[in-house]
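Those sequence lines, one after another, are chains A and B.
Counting in UniProt numbering, the first sequence runs from 1 upward without gaps.
Counting in UniProt numbering, the second sequence runs from 1 upward without gaps.
Among these hints, one or two may not hold up.
[Said to hold, decoys possible] FRET-style restraints, in silico, Cβ to Cβ:
no., chain 1, residue 1, chain 2, residue 2, range
1, A, PRO514, B, ASP502, 38 to 44 Å
2, A, SER21, B, GLU135, 51 to 57 Å
3, A, THR6, B, ASP502, 52 to 58 Å
[Stated by the list, open to error] Subject to a maximum C-alpha distance of 30 Å in a straight line, what follows is the list of computed DSBU-like cross-link-like pairs (lysine-lysine):
no., chain 1, residue 1, chain 2, residue 2
4, A, LYS510, A, LYS117
5, A, LYS117, B, LYS510
6, B, LYS117, A, LYS510
7, B, LYS117, B, LYS510
Keep in mind the hints are simulated off the structure, nothing from the lab.
Computed from a predicted structure; not experimentally measured.
Glycine residues also receive a C-beta, built at the ideal position from the N, C-alpha and C atoms.
One letter stands for each residue in the lines below.
Protein chains: 2
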Amino acid sequence: MTAEVTGQMLIGASAVRGSRSEIFAVDPGTGETLAPGFAGGSAQDVARACTLAGEAFDVYRETTPEARAQFLETVAEAILGLGDGLIVRAMAESGLPRGRLEGERGRTVGQLRLFAKLLREGSFIEARIDPALPERQPLPRADLRQRHIALGPVVVFGASNFPLAFSVAGGDTASALAAGCPVVVKGHSAHPGTSELVGRAVQQAVNACGLPEGVFSLLFGSGSEVGIALVTDPRIKAVGFTGSRRGGLALVAAAQARPEPIPVYAEMASINPVVLLPAALSARAEALGKEFVGSLTLGAGQFCTNPGLVFALAGPDLDRFVAAAGAALQASAAATMLTPGIHAAYEAGVAQLEANANAQALARGTVGAGPHQGCAALFLTEAAALAGDHALTEEVFGASSLVVRCRDLDEVRATIAQLEGQLTATIHADAADAEAARALIPTLERKAGRILFNGWPTGVEVCDAMVHGGPFPATSDSRTTSVGTLAIRRFLRPVCYQDVPDALLPDALKRANPLGVPRRIDGTFQGAAPG
Amino acid sequence: MTAEVTGQMLIGASAVRGSRSEIFAVDPGTGETLAPGFAGGSAQDVARACTLAGEAFDVYRETTPEARAQFLETVAEAILGLGDGLIVRAMAESGLPRGRLEGERGRTVGQLRLFAKLLREGSFIEARIDPALPERQPLPRADLRQRHIALGPVVVFGASNFPLAFSVAGGDTASALAAGCPVVVKGHSAHPGTSELVGRAVQQAVNACGLPEGVFSLLFGSGSEVGIALVTDPRIKAVGFTGSRRGGLALVAAAQARPEPIPVYAEMASINPVVLLPAALSARAEALGKEFVGSLTLGAGQFCTNPGLVFALAGPDLDRFVAAAGAALQASAAATMLTPGIHAAYEAGVAQLEANANAQALARGTVGAGPHQGCAALFLTEAAALAGDHALTEEVFGASSLVVRCRDLDEVRATIAQLEGQLTATIHADAADAEAARALIPTLERKAGRILFNGWPTGVEVCDAMVHGGPFPATSDSRTTSVGTLAIRRFLRPVCYQDVPDALLPDALKRANPLGVPRRIDGTFQGAAPG
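Make a model of the complete structure from these sequences and hints.
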């Protein structure tokens with residue numbers, strides 16, 4: 001398979017050219033427009049993709065876990081089979097460096113394989129059996145069996161900041177396909193060529209595995225036309241999204257206004273508070289300052305888990321931290337941002353902070369040479385000011401952060417308690433900080449999906465224990481995660497079978513357990529078990 | 001503890017009289033107004049209950065599972081300790097007979113004890129541990145641990161049709177308290193005395209177990225004033241509701257319009273289709289007709305799982321079923337309905353069907369002597385008419401049902417495919433019907449939370465495998481159940497702990513596993529296991 005970009009959408013087994021105005025990617029490193037153009041999809045294209053997905057659903061959801069595992073592995077192989085052309089195109093469309101994109105490809109392939117492993121283990125079905133009790137008094141108990149089945153066709157919106165790992169075959173797609181849901185992807189307009197290449201890999205895998213063509217489609221077009229049409233199509237039963245608060249809330253509103261509302265898993269805004277406790281700050285203010293800037297400027301600051309707020313007590317140790325962070329930040333190289341629009345929004349956000357009387361500008365990074373390079377920015381404010389000025393806690397997507405000077409630990413805690421929900425919350429603590437940390441944790445648990453000690457929030461491991469989620473507006477549904485194996489649960493629902501004859505039961509619930517899945521029988525676990 | 005009804009609300013450890021207009025229960029069997037009056041709560045009462053719940057949250061959610069198990073068992077004992085006074089009051093307020101209410105008390109106590117058992121088993125925490133891999137290339141892996149924690153304070157709305165099992169200490173309250181969520185109940189205006197009695201039992205248990213008083217409050221008042229104020233209070237993080245579609249949707253809309261939207265678990269409308277397949281119908285049309293009427297008229301038809309639609313093929317066997325059902329229904333005694341309002345709505349719904357040219361009236365039950373007795377009603381329509389007439393598939397709460405005559409099995413399936421989401425779907429099938437049943441099941445799985453064979457949907461077992469839920473509008477969230485142990489998951493969310501020192505980890509995640517909970521460690525289960 002060659003990495004040739006044609007500008008077509010993929011609707012089931014077909015490749016079709018859209019009929020709406022053309023979208024062109026822009027190389028943010030040069031400002032150059034990249035060929036080909038991607039003509040946007042129409043209402044008919046949306047309907048066709050959703051019809052195919054709806055038709056594929058009953059067959060695809062009842063494929064065996066092993067069949068879906070092989071499919072996910074085939075997708076992974078097909079992505080690797082795209083070779084360097086994929087990386088080259090993604091570099092041009094995102095401005096991200098080769099090493100980052102090769103790593104992101106590894107993560108993308110790795111999470112497809114992790115879900116394949118989860119499928120083979122079988123606990124995601126959560127099979128439960130309460131056998132009949134015909135002699136029970138005063139009433140007998142029927143034979144009751146429960147499994148989880150796929151929700152239905154899912155729409156996934158590609159994210160700008162992970163053109164591979166949160167896009168066409170990224171985490172949302174992998175978990176939805178694993179659950180047994182056909183997926184219709186709305187490709188992000190910033191990286192349509194990368195999207196097409198990966199989409200062709202998925203399409204090829206659907207065909208190679210003999211699955212119904214409607215298991216996967218990829219559309220392009222405007223959010224207001226194609227995106228809302230997808231979310232409101234009656235065949236669609238759930239939505240995955242990573243992006244702006246405004247975009248996410250628009251999808252939630254559209255999904256709620258449907259005759260049949262559906263869940264939207266939108267990951268939106270997070271500024272990821274970091275607390276530097278006194279003993280840790282005293283012991284290593286300079287090292288913390290340098291590490292902080294490393295995390296802040298990674299990937300031009302374009303991570304959902306970027307550390308945007310740093311809390312510490314006023315005093316000479318904080319001054320040392322600020323001096324070290326300021327110096328590191330001033331030395332940091334400007335970095336090309338994902339799109340001209342993201343760069344412009346970043347500069348506007350920094351300018352607003354610069355004009356805010358409550359924020360003191362501490363440092364800016366080196367000004368870049370390229371047309372869309374963001375240079376890092378660091379500000380200082382007082383905790384008392386933060387509480388009254390919502391502009392200080394609005395996410396500035398990029399390498400901008402705010403140090404929040406506090407009078408005491410109670411003020412740290414009270415200020416964090418007033419923040420909105422977050423993806424992460426971080427504590428830097430030495431042994432002498434243990435009690436202060438202990439007092440903070442309950443507040444952080446209520447605010448965030450992941451709590452870190454003595455590290456930095458950028459870098460999200462794909463594993464069983466990860467939670468990449470958190471209270472609103474970090475996500476629209478704090479009961480879930482978009483990274484890690486628990487993500488499959490977003491696309492499943494329980495169904496109970498009462499006195500259904502064995503031959504008509506789904507395999508996971510048959511007496512002989514032909515799939516060999518772990519099951520909870522009369523309250524006791526049998527087989528390798530879920531979690 | 002005596003079963004004395006005072007007309008007070010319970011806010012934390014206090015009993016307070018409301019300041020708004022008084023609500024009086026009405027004995028629907030006699031039309032008589034029951035003393036005392038219950039003055040409705042004010043915005044201040046709502047705020048006080050929510051403040052106490054918010055203050056109790058961090059302490060209560062971190063009580064051990066064993067402590068919460070003992071608390072639930074203490075609630076169960078306290079309810080039994082109310083003695084016959086509870087039953088007598090509930091009979092007067094609901095018109096339900098003694099046997100039913102004694103059974104319902106047993107179910108209420110039983111589900112509290114079932115959640116106690118679930119707490120002791122520990123799998124609901126879903127502890128997962130991915131140990132650090134410091135040597136991993138190219139990057140080390142941090143120590144990552146996940147548990148589920150309580151969402152926050154929960155509002156539960158008492159349901160009219162289960163004054164015990166879906167009310168103050170019913171399923172929603174039991175599962176929320178088990179999860180570690182303080183609960184504020186808005187008592188149903190139809191049974192305030194029953195609500196107060198049970199509320200006092202819970203309040204007494206909170207005190208006896210040394211828990212923070214804010215773990216439980218009980219308010220009365222109008223839905224528009226007290227109900228919406230509760231749902232929109234920022235301390236509240238989830239809502240449980242069982243009732244009308246209009247009421248449920250109003251709560252969902254209020255919850256979505258909050259600055260921080262929250263989940264609402266609303267169980268609303270379901271008409272519970274039943275399919276009589278040809279061989280079963282031929283073999284036992286008369287018996288099925290009689291059984292059907294038994295299920296339809298149980299509890300005056302006031303069950304969420306009442307069989308409101310019966311599908312079968314036109315022909316002499318269906319005529320036999322209709323004749324038998326009609327005869328049984330005509331002989332069925334009228335039964336007192338829960339409230340004058342519910343009775344009036346039932347009669348209005350039946351009158352609408354009687355006036356509908358697409359519905360042929362088949363039979364009515366015996367007219368009752370009491371002021372608010374509903375008499376059962378049976379109608380017939382053609383499948384072709386059902387598709388075009390939404391009025392035929394609107395829930396009529398009470399013992400009214402519609403037989404849908406179909407040309408062939410494809411029409412059965414196609415007609416059911418057009419229905420809205422349901423709590424249950426039932427198939428009556430003999431061995432010769434196996435292939436017809438097999439062809440129907442995928443459609444039923446997409447429509448309903450529970451699929452039954454050769455039974456009737458009324459009667460919901462409280463166990464691990466039960467699903468009392470289903471696609472919209474049966475519930476507002478098909479990913480959950482309101483009955484059975486899986487219900488606890490509605491009130492939990494995952495949190496990940498990265499490199500948190502052992503001493504600061506929650507007990508469920510500490511290296512030594514002091515709680516002894518089952519855990520998934522590096523992908524492998526250890527200990528008794530979840531499901």
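Comparing the hints with the structure gives:
1. PRO514/A to ASP502/B: 38 to 44 Å: holds (42 Å)
2. SER21/A to GLU135/B: 51 to 57 Å: holds (52 Å)
3. THR6/A to ASP502/B: 52 to 58 Å: holds (55 Å)
4. LYS510/A to LYS117/A: The given pair, whose Cα atoms are some 22 Å apart, holds under the 30 Å limit.
5. LYS117/A to LYS510/B: Holds - the C-alpha atoms of LYS510/B and LYS117/A are around 26 Å apart, at most 30 Å.
6. LYS117/B to LYS510/A: holds (26 Å)
7. LYS117/B to LYS510/B: holds (22 Å)
The structure agrees with every numbered hint stated previously.
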